[in-house]
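Colleague: What follows is each chain in one-letter form.
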Amino acid sequence: MKQIRISINGTEYHVAEHSNLAAVLMDKAIANRRSVTGEPRMAVCGMGSCGECRVTINQQAHQLACLQQCCEGMEVNCEP
Amino acid sequence: MSLNVVIVGAGPAGLAAAWSASQSNANVTLIDQADQAGGQIWRGGQGYAPKRYQHLFFQHTALQYRKQTHVLGASEQQLYLATPQGPQQLRYDRLILANGARELFLPFPGWTLPKVVGVGGLQALVKGGLPIVGKRVVIAGSGPLLIAVASQLKQRGAIIKAVVEQAPIAQLLRFGRSLVGHPTKMLQAAQSAQALANTPFYVNTWIIAAEGEGEVQQVQLSNGQRIECDYLACSWGLIANTELAQQLGCRLEQGFVVVDRSQHTSRDQVYAVGELTGIGGEDKAVIEGQIAGFVATGNYQAASQLAQQQAQAWQFSQQLAASFALRPELRQLAQANTIVCRCEDVTFGQLQSQPSWRSAKLQTRCGMGICQGRVCGGATQYLFGWSQDSVRFPIHSVSVADLVMESV
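Sequences listed follow chains A and B, in order.
According to our numbering, the residues represented by the first sequence are 1 to 80, in order.
According to our numbering, the residues represented by the second sequence are 1 to 408, in order.
To be clear, the hints were calculated from the coordinates, so they are not data collected in a lab.
Keep in mind it's a predicted model, so treat the numbers as computed, not measured.
If we take Cβ atoms under 10 Å as the criterion, some of the chain A residues that face chain B in the derived model are: (1) N20; (2) R41; (3) R54.
Backbone N, C-alpha and C fix where the C-beta goes; we use that ideal spot for every residue, glycine too.
For reference, chain A alone in the conformation it holds in the complex (with noise of 0.2 Å):
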């Protein structure tokens, strides 16, 4: 399978072209996001529903990191 770079958090990751963002996120275990009193959070519907996955997609915030494949050249940061 054909693998792609994308960014995240500043570092570079190479992972397979079209997987999903919440699942590379999940699989490196890197929370997406850091809840109001501060626990870590990744995915857990994994269909756009929860909110959970959301993460900021080259400068746009909020985004359901379920709804995404990788793409080239992608940057993806998380709340730290």
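Chain A is already provided as a structure; the job is to place chain B on it using the hints.
Modeller: Just chain B, lined up with the frame of chain A:
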């Protein structure tokens, strides 16, 4: 001028409706929020769908398929959309709602830990490329999805540590017998059972807690067992995505859109199909979708030929609801400090003193976050019997830019 038929949702029900509506000369538009058609059941590309519907996955067909498009709201003849190209309005003469369902999540200690996911959620992530080979997975909750997903994940190389079903054995056996009239479902069940021959399957059992540092590492069951795992997939059945139907003023009963035999809702020119009218899976979705597509385009004869299959699908959906009814003990799982509203981190203790959903929203911000109650609404309905108020525009959270229409 040809009739504008708009279908919301490109899962099995929506695709079936698009197919049957396309047999006429109507102008058919199919709208879906995902980046690929198929919904949940046919997720992963056209290869998962029956041949008849595969061409509908592509943009270049006669039908207009609009992916990555959210419906923000609807009025009598107009839909308001957030598209990758910005906000748009779309006029409809007939509207077919095929919004599908989401999983019901019930709060228990540790359920907000990373890698505690939905059952369909984990299935979706794995289809999206999440490596599962050699991973230890516990699948818990209720419903036929547990077995189906467990067998799929096992075939992909996951180690299924346990399947944990809350329903008592007598109910499950009754459900098993009810499959006799549905040969394809019998076959699916038999294949899943065979795939899971050596997998521990606990009935009458449920999750008490998930534990771990930074992510789930162990789960605790009601039978006293503790099981180590990399993923806990759990959900307690499905709830219909009725938000758009509610905003249109369609009549609902017990969480589902009320329809007649033509799939017509209580609102003129608005139809509802698939999980929206009752949880019944793929067969029910496809039959209802086809009927609505035919009826909406005036092909009543084709629709009437499906009446018997429609009745069978409906009967199956009733059996499903009865067999996997949730037990009252599940209301006792959340502790005072267990989060119920994940968006706003509102705990069970904060909600216990609230008299209603509205009061909880005003006093605690429960249900006010990005999911707008899609997760905690189902949970609080089960825990406290709260029903939600009216659904307001926009039904999905959007950026301000998506609300500023060009015409304004």
